[in-house]
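Could you put the whole structure together from the sequences, leaning on the hints where they help?
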Amino acid sequence: MDPQPVRFVLQWGRRYTLTVANVGLACCAIEFVAASMSGSPLLHRSLAAGTGTADLLVISGTVTDKMAPAVRRLYDSLPDPKFVLSFGACSNSGGPYWDSYSVTKGVDQIVPVDVYVPGCPPRPEALLHGVLTLAARLDAVQDIDA
Amino acid sequence: MTPDEVVAALGAVQASMSYDDIVVDVPREQWATAVTAARDDLHLTFFDFLTGVDLLDDGFEVVVRLWSLSGRAGLQLRTRCPRADPTVSSLSGIFAGADWHERQAAELFGLGFVGHPRLDPLLLPPGFEGHPLRKEFVLTARVEKVWPGGKEPGESAVEAAGSRRRKHLPLGVPPTGRP
Amino acid sequence: MNADEQDLVLRTASGEGHYPDAEPELPPRARGAIGLIEENCTVCMLCARECPDWCLYIDSHKEPLPPLGPQGRPRVRNVLDRFAIDFSLCMYCGICIEVCPFDALFWTPEFAYAGLAATDLVHERDLLGEWMASVPEPPALDPAAAPAPEATDAAATERGTAPPR
Chain A
1 MDPQPVRFVL QWGRRYTLTV ANVGLACCAI EFVAASMSGS PLLHRSLAAG
51 TGTADLLVIS GTVTDKMAPA VRRLYDSLPD PKFVLSFGAC SNSGGPYWDS
101 YSVTKGVDQI VPVDVYVPGC PPRPEALLHG VLTLAARLDA VQDIDA
Chain B
1 MTPDEVVAAL GAVQASMSYD DIVVDVPREQ WATAVTAARD DLHLTFFDFL
51 TGVDLLDDGF EVVVRLWSLS GRAGLQLRTR CPRADPTVSS LSGIFAGADW
101 HERQAAELFG LGFVGHPRLD PLLLPPGFEG HPLRKEFVLT ARVEKVWPGG
151 KEPGESAVEA AGSRRRKHLP LGVPPTGRP
Chain C
1 MNADEQDLVL RTASGEGHYP DAEPELPPRA RGAIGLIEEN CTVCMLCARE
51 CPDWCLYIDS HKEPLPPLGP QGRPRVRNVL DRFAIDFSLC MYCGICIEVC
101 PFDALFWTPE FAYAGLAATD LVHERDLLGE WMASVPEPPA LDPAAAPAPE
151 ATDAAATERG TAPPR
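Residue numbers (this note's numbering), protein chains in the order written: chain A, 1 to 146; chain B, 1 to 179; chain C, 1 to 165.
For the record, the hints were derived by calculation from the structure and aren't laboratory data.
In this text, all values refer to a predicted model and were calculated from it rather than measured experimentally.
One or more hints might be untrue.
Chain C regions said to be covered by chain A (calculated; three or more residues, Cβ under 8 angstroms) [stated by the list, open to error]:
(1) 46-55
(2) 76-89
(3) 106-118
Glycine included, every Cβ here is placed at the ideal spot set by N, Cα and C.
In structure tokens form, the structure reads like this:
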């Protein structure tokens, strides 16, 4: 178990330098692109150079049953600590395709999700709000530990 | 390209209009020859799509749309096959693009395409059972989830569950619940 | 790049004018969340029936009301127990708002309600009532249009010329 001062630094470092990778599966990916190209300081320097270095995986779009194993493999290939943000109705719960024969009803069926951003699609600012919500939770975790 | 020219080129077929496309109904035995004639004699060299339609007791309909780049005109060819024997000739030898369209129609409708090199599933996950675009395929999520609109105004969930009044079924759920 | 393009790059990279330091400029009919006016809801269940995602959860019961006059019949009223919208399923189509005959549902442009659990995205009627605070004003009526039937009826009632009920 890490000694407490080290954990404090780790959480603090994580909060301000979340490296983000997008799993762009459908329309929500367009909104992610809009957010990442907007120049917002929350995201624009944080895009992962290849998913091997990502802290935060943003699942944007419909997860089909055929694509689900690939998303799981991608999540498994990331080193800890890693977080998942589910972006949009399709990855939250299946969304408009809740009754489909080939859609995974929510990416939380295959990976653990830390933040859910509602919308169809959510605004780019909603993505930033979701990232801030996650950062606040990391802060809260740090407060509990410290 | 007029409907008369199409009928003359393809032999005895029924021709009609659907928006800007000419639509012809072709007997199953002449499927491959009609499509070849459409490509060679009518210069419909662009293969747009091939799909199926589930007509319940009338069997299955296979629809292919071809487009003429020079004449800028579209032609839809349709053929029927009975439900007991849902096969037609494959068009993959005539249009290479028909290969994947026929694989998709085969897995979604359960159609057979005689002469297709490899009718493996294309889009559905491995281990999927059934043919989802057939009309008797029930979407299980609609059967499992309790329809929130099934309650009458002023009825609580407990009353609705215990009520013996004939229930208002949601769309897509057959009366028996499961097939 | 020219001076305008340089300006744009500097402005966007500076962090000013970006969420969360500044709120985005939203178009007039932006769809974010759905607000509920509970008093207007008669529990007709039309929104729950028409929702394509089955994401409106409504529970209610009947309560009796006294008759209107000495010859009146006893009346019955539907009372809402639960009105919830599951925003993890909602696809923001607006069918529930369009179909409501009693103007109980409204669009609001609020978008910042991400949740740490999927259940956080199920908004019950208190929260749906709070969303009403951010519902924008409706657009002004066309001055050249015919007056609305509600307005003419109200005016006739005041004058005493309304037809008897």
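To see whether the hints hold, each was checked on the structure:
1. Only residues whose beta carbon comes within less than 8 angstroms of a beta carbon in chain A count, and the region 46-55 of chain C has 3; three or more means the coverage holds.
2. Here's how the region 76-89 of chain C fares: 4 of its residues keep a CB closer than 8 angstroms to some CB of chain A, so the rule of at least three is met and the hint holds.
3. Judged by the Cβ-Cβ criterion of 8 angstroms, the region 106-118 of chain C is covered by chain A as claimed, because 8 of its residues qualify and three suffice.
Of the numbered hints stated above, none is contradicted by the structure.
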